[in-house]
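Undergrad: These are the residues of each chain, in order.
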Amino acid sequence: MSTEHSQSTELTAAATHRDVAGPLPERFENPGLEPHRPRLTDEDPGAARRATRQVAALFGVSVLGTIGVIVAHVAFPPGDSVASMRTSNLLLGAALFLSLIGIGTAAVHWAKTLMSDHEVVEARHPQKSSPEVREGAIAVLREGAEDSGIARRGVLKGAMISALALFPLGLAVPLIGEVGGDWNVGAFRHTMWKRGTRLTRDPSGTPIKAEDVTVGSAFHVIPDGLREQEHWIEEKAKAVVLMVRLDPADLKSEQGEGWSYDGIVAFSKICTHVGCPVALYEQQTHHLLCPCHQSTFDIADGARVVFGPASRPLPQLPITVDDEGYLVAQSDFHEPIGPSYWERLK
Amino acid sequence: MSQNTTQSRGATAAAATADYLDQRTGIGIAVKNFARKVFPDHWSFLLGEIALYSFLVLVLTGIFLTFFFVPSMGMTVYEGPFAPMDGVEMSEAFASVLNISFEVTGGLLIRQIHHWAALLFIAAIVTHMMRVFFTGAFRKPREVNWLVGFVLMLLGLAAGFSGYSLPDDVLSGNGLRIADGVARSIPIVGSYASFLLFGGEFPGEVIIPRLYAVHILLVPGLILALVGLHLLLVVLHKHTHYAGPGRTERNVVGYPLFPVYVAKAGGFFFIVFGVLALMGATMTINPVWNYGPYDPSPVSAGAQPDWYMLFLEGGLRLMPGQGTEWVIAGFTIPMNILVPGVIIPGLLFTVLGAYPFVEAWVTGDRREHHIAERPRNNPVRTGVGVATLTAFFVLVVAGSNDILATHFGLSINDITWVLRVALIVAPPVAFWATKRICLGLQRKDRELVLHGHETGRIVRFASGEYIEVHRPLDEYERWVRVAHEPKRPVALLPAYDERGVRRKGYRRDALRARVSRIFFEDRVDPVTPAELVAAQAHGEHDALPSASAEPVGALPAAEAAVDRGADAHQA
Numbered sequence: 001m002s003t004e005h006s007q008s009t010e011l012t013a014a015a016t017h018r019d020v021a022g023p024l025p026e027r028f029e030n031p032g033l034e035p036h037r038p039r040l041t042d043e044d045p046g047a048a049r050r051a052t053r054q055v056a057a058l059f060g061v062s063v064l065g066t067i068g069v070i071v072a073h074v075a076f077p078p079g080d081s082v083a084s085m086r087t088s089n090l091l092l093g094a095a096l097f098l099s100l101i102g103i104g105t106a107a108v109h110w111a112k113t114l115m116s117d118h119e120v121v122e123a124r125h126p127q128k129s130s131p132e133v134r135e136g137a138i139a140v141l142r143e144g145a146e147d148s149g150i151a152r153r154g155v156l157k158g159a160m161i162s163a164l165a166l167f168p169l170g171l172a173v174p175l176i177g178e179v180g181g182d183w184n185v186g187a188f189r190h191t192m193w194k195r196g197t198r199l200t201r202d203p204s205g206t207p208i209k210a211e212d213v214t215v216g217s218a219f220h221v222i223p224d225g226l227r228e229q230e231h232w233i234e235e236k237a238k239a240v241v242l243m244v245r246l247d248p249a250d251l252k253s254e255q256g257e258g259w260s261y262d263g264i265v266a267f268s269k270i271c272t273h274v275g276c277p278v279a280l281y282e283q284q285t286h287h288l289l290c291p292c293h294q295s296t297f298d299i300a301d302g303a304r305v306v307f308g309p310a311s312r313p314l315p316q317l318p319i320t321v322d323d324e325g326y327l328v329a330q331s332d333f334h335e336p337i338g339p340s341y342w343e344r345l346k
Numbered sequence: 001m002s003q004n005t006t007q008s009r010g011a012t013a014a015a016a017t018a019d020y021l022d023q024r025t026g027i028g029i030a031v032k033n034f035a036r037k038v039f040p041d042h043w044s045f046l047l048g049e050i051a052l053y054s055f056l057v058l059v060l061t062g063i064f065l066t067f068f069f070v071p072s073m074g075m076t077v078y079e080g081p082f083a084p085m086d087g088v089e090m091s092e093a094f095a096s097v098l099n100i101s102f103e104v105t106g107g108l109l110i111r112q113i114h115h116w117a118a119l120l121f122i123a124a125i126v127t128h129m130m131r132v133f134f135t136g137a138f139r140k141p142r143e144v145n146w147l148v149g150f151v152l153m154l155l156g157l158a159a160g161f162s163g164y165s166l167p168d169d170v171l172s173g174n175g176l177r178i179a180d181g182v183a184r185s186i187p188i189v190g191s192y193a194s195f196l197l198f199g200g201e202f203p204g205e206v207i208i209p210r211l212y213a214v215h216i217l218l219v220p221g222l223i224l225a226l227v228g229l230h231l232l233l234v235v236l237h238k239h240t241h242y243a244g245p246g247r248t249e250r251n252v253v254g255y256p257l258f259p260v261y262v263a264k265a266g267g268f269f270f271i272v273f274g275v276l277a278l279m280g281a282t283m284t285i286n287p288v289w290n291y292g293p294y295d296p297s298p299v300s301a302g303a304q305p306d307w308y309m310l311f312l313e314g315g316l317r318l319m320p321g322q323g324t325e326w327v328i329a330g331f332t333i334p335m336n337i338l339v340p341g342v343i344i345p346g347l348l349f350t351v352l353g354a355y356p357f358v359e360a361w362v363t364g365d366r367r368e369h370h371i372a373e374r375p376r377n378n379p380v381r382t383g384v385g386v387a388t389l390t391a392f393f394v395l396v397v398a399g400s401n402d403i404l405a406t407h408f409g410l411s412i413n414d415i416t417w418v419l420r421v422a423l424i425v426a427p428p429v430a431f432w433a434t435k436r437i438c439l440g441l442q443r444k445d446r447e448l449v450l451h452g453h454e455t456g457r458i459v460r461f462a463s464g465e466y467i468e469v470h471r472p473l474d475e476y477e478r479w480v481r482v483a484h485e486p487k488r489p490v491a492l493l494p495a496y497d498e499r500g501v502r503r504k505g506y507r508r509d510a511l512r513a514r515v516s517r518i519f520f521e522d523r524v525d526p527v528t529p530a531e532l533v534a535a536q537a538h539g540e541h542d543a544l545p546s547a548s549a550e551p552v553g554a555l556p557a558a559e560a561a562v563d564r565g566a567d568a569h570q571a
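Read top to bottom, the protein sequences are chains F and X. For the first sequence, position 136 matches number 136 in UniProt numbering, and the numbering has no gaps at all. For the second sequence, position 140 matches number 140 in UniProt numbering, and the numbering has no gaps at all.
One chain only, chain X, in its complex shape (with noise of 0.2 Å):
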């Protein structure tokens, strides 16, 4: 290389540049074993990037908001061009937001980027979980990932509530101080808490500034740190692939990170920009110029917490409170602030953090897995997933109980109670369906392996019978349906050994196995060879057409329109 004579300058230079840099930390070894390294293409593996670019747009945006913020709650009379607020007292904080988006150039616009990258970072980790979850992306050796992953999360709740409050205006004021309500229910150390927040009582002199170090610093500074680890673990494991012709769980099959996904993902990372700034510039997000500063006194009706807080309002405002504030001892438990505030986020978050565990448990696998089951192929899986989203999207409706009843001129009081009742009910219900209609999207599977695509092809045989033409798979088609495992629920041994011992550990064997019965008892098993033979066999003339059984009564007319639509149906 470095003997071609007709390189340019530009070349010269960066190989120079690269033997200074290899010749002081062997970088080459890096650069050789990670240009190339390959990645898988599909559509759903974009969602984890929009959540890591989201969070990169946050990063630059917000290092734009720190120079202007003032994260003080000391109090001033604001002068400014917003002349209904003109003379108003309120904190340094707010004042500094109006002055941000009324008096810094593009300050408005990086502060709405900001907001609406937040609610999109969430949302991608979501449904970036979503997809891991759905396909089994989890399982071993990535149950570890998976934890890192719901810790990000987590810190990204933290990232969006600690960040929505610091305008310190008068809806993010309500929400804290729901938050102290929140905290101040938890038994025995409520008070404490609530007062560890505040530095003293509600609302106090510190929480703006004691936010904004954890925003700025503390939460992002987390966040960097594991989604570095988050990406290694990427790299150690070889990103998961969807099963396809020539995928197995011993490669990985895609493109090379240089220079394709250089440039598709770099691109991407523009494009998430791109929209977020047409969405800065276009869709207003939260104008506190509106609400005004915090004061204890007043609220705004018809108040929405951002987007991802809405399922833990909607269980603030099922819960009923009648009979469920709890005195013991004369120390006061309630009920209806710790079951939606604490106990069932409480328990979702465990699960959702503990499922690869508990699946791997169920199931006695401890092989890796590399190949994305399609959803269908697990349909207990699927149905469990989907129950809980719904579970989370009737909690956030229920948070939006006042917009949907003043939009719709319903009573808030039914709307509630459908709610309360859709809470219980839809989760089992949504569970059953879904599961039904996995095990019925493998039947169809079956059905499409077996009988091969219909074709719409009418042919009349001498004998005068109509059949319609089934056009088989063809084998890459066909093995994306039938790459799956079959699966069964594992076995119990007896609860007694061949010298009658009791053995040990067969309680908690005879649990797993009723509960792997539930995971596999229903099931669908992919087409094997010999029931494709089989099927060919008995139904050949409806799949064959061959040269045997040439249909001699077909019309020649119509026998040339089929030709044309088979050649119409190949281009």
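If we strip away everything but chain F, and leave its shape as in the complex, we get (with noise of 0.2 Å):
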């Protein structure tokens, strides 16, 4: 009870002494660093040779966990199944946190209780050299730059400037000749869809009869002779359809007349947004959901966008059926499939 007292009667006998003194200054002034507070082992040696052994111990911890790490690796090898795997996983990983662990702990706490906490003050000086350093750079540029004539003879200047600004075309034309293969952008425009691709199953490669699509389900699709390709991993990228058989009393509209088969319509499965594969159907609504940006589109009215960041309905293939009764195309995509780019309408 008394400190607290004793406290405030002195601060306000200062600031009564100062009144007299002469004014109380604009803003309080650093009090200093506080006393240094001992810690328990700095005053107790017991507390320090229990410290001692704790860190000790800690890095046996640690020296234990290193061992483990090994009769881990030797004694649980992630075997043939997945089981064996994580427990070798989780054996391996626990040893090895003892190991690490035991290591930190034990420095931290050496630190913590036997280091020093006195706390130490150390000057600070302003970043920017002295006034005279700077004159000596000034002038040591100076002389250099005299020295080189660079100021005098201004055709070296411009030829210098010229030569180091051109010389990483050397380098930049080949590399930018080839990093983009053969540049040929006008590749986006094309699928390998054309007049009578069968429409075959993904991944199998089977074709589709018309007969075999009931009503509601849905069919990952890819042109037959896909694998055929050369470049079949790119062409699958662009030719994957997503096709569906609706009840042709549902279908409310389509993309061009006559594009669907009985009521089988097929889509680009590739998002007009940023390319995602659409693949969620729902059968209730005849919406195609894109799982990674939600864009949903109504495969009934022409795979208009119904919600989400898409702005384009999915380029429709227009389908019709061989002699053998198989579905086809009737030719490519009418526009290029997937994201929009800047010349995609030119």
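What you were told as hints is all true, and nothing was included just to trick you.
If the Cβ cut is set under 7 Å, some of the chain F residues that face chain X in the computed set are: (1) GLY104; (2) PHE307; (3) LYS346.
Bear in mind the hints are in silico, worked out from the structure with no lab data behind them. The model shown is predicted, which means the values in this text are computed figures rather than measured ones. Beta carbons are placed, not taken as given, at the ideal position from N, Cα and C, and that holds for glycine.
Relying on the hints, combine the two individually framed chains into one complex.
TA: Dropping the structure here:
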């Protein structure tokens, strides 16, 4: 009780004293470092010995952990099953944890209990160099520039800058020439679908008869002969199609006259937003949902966008059946599939 | 020292080595200047250390992984212990990741530590950046180091994204496809940007080897160089410290590098590594064997990128698509992708990088600052930071809107609409609330300095009056609350000088004065000594039940109880 009284009394006294001596300062003054408070280990040799033992024990934990890693490596290999792989992972990791955490906690405990905790003060100096050093630096630079003659011989400056500015082209031109493959960005316009290409199941490649497509079912479709293509994976990335049979009465619109066959509609599976495969079909609503960004398309209505960040409908693949009753394409898509780009409509 | 005849053989050997090195490198001067260098102590200074140590863990575990990973998109057929994938066609990259996960002893552990460390690396960078931002530690002379750190954050994102895609699984493959879609949206050069990335049409056969070169050479090389520069500048500038007794703009108070920080920081590396090892041991991350190899057709529902990409993903999800694809003169400008994918992140990062220079211009302050500010003492800056984080958080949540919908049984459309509105409304609200909270905290500080701590001691005077005794702050405790400078908006000189000539640069000055007013118009100044004296004079019996104002009516028993309470408090 008495401490707090005396402190405040001193303060008032000091303030009063200042009143007499002159006006109060505008702001408080920094009181300087707080007095050091000793820790238990500073005062009690028993505590210090205890801390030493604790630090040593923690290092011991680390040693045991490292031995544990070696034991786990030898005794618990990943084996042939997922279960044995998980056991191996868990034991190795737990032992590694002990091996590391032992060292870490030992070092921190050591620093906090046994190393000096007296705060040290170091002076700061302004970052900028002294005027003499600056003058010296400028003099050196000036002397060098003088020596090189760059100021007097203007032609040298121009020639040097031109040469230095141009030399990176020697590396950049071959790199830019090659880094984009053939740079044939027109390839975005076409897919491998053409008149008469059969629609086949992904990934088996078996053709699909119209009669096999029941109302409400959805098929993931690739073009026939995809795997024979040289760059089949790039072709697949453009040509994948989602095909659904609707009740013809539900079909409100399509993107072209006669592009569907008896209620079977086929749309590019590549989202017109940023290109994820649009794979979630809701049978009841005829909605197609992109799982990446939730663009939603109504395939009964020409794949109109009903929600989400996509702007355009999924391009429709015109289809029909061939003589044997298999579903085939009437042509390629009538517009570039996938996300928008600058020259898409050119 | 060398005269000491009882020194051990170890010490002799160390001395000989030191002598050998010093004669050839003159390293003695560096040791002398550096070994006892003082660093201040504060938990928030550990955030940057966590970033550094997770980077070291990434390098160590990354080297391990390079010995087993095959960066090739050549096709192969898997034959190995993981039965569900037996006979499946996949790239050699994916097959090698299965090999690392199932056949290399410790391979899965190292892979998982590597992935967790990557997430922690970027989380630590971001929180470290928040600490620097909110305490104004980016002010002169540290603006350049802020830029270095800012570039390090961008490199961290590049490292994360390039590494994430390397296993060539279906999840990361669709992530690359989204990146391709965003690249294509860029006006004029979009298609070429896409070809540049993939060496032709998506996905091509070069993206994995290219990302590998970026991930293990280019980006880590740059990170290493810039980390070196970042730390060099920390040493040159000497670390900031928080306001406190004895801490000034002209000194740094703390503990010496050797031995205290060698032990604490060195130990902390092992703690970070140890925790990451425990995470790798017990928490599955990126189980690519469940996703399967990349194929352009399938996609998994509920797909999430790593957390640091969620804000970009969330932006793409929130942007409405209707009417946002512009066609001008036959050229397509897909604003539905450009706005969230290019413009908003571009703006966000530009503002973030430029902020120290903006604030320096607004305040016109050209002095060096080495005392980290308490966030409450700069309410507008703190508000701007919280508003930015709020927008970031809304976008992160939006990046998980499908998970929210399925876990909480909500409509995805409703969530998306709520978040669209929140992205516009929440940041200004957060700014306003944060600013009010900061001003309130400053007032609380004033209150505390002027009237002291409430002690809970009720005293009755002879007159029957009851008061609660307040305990004044001691000068150390008080200093933390009064150390900051009172701030004022910059004054605007008149538009015309005394000869009636319009002053050059008036418009720029006027703009600056306006922004400066936004920053400092609402303010709470620290208590001055005069205010404290005045407060104590009129509230004397409140604060000072000293000898002259001894409450005569206090009951002896109550007094004793109070004493015990006070003693207990001090103990």
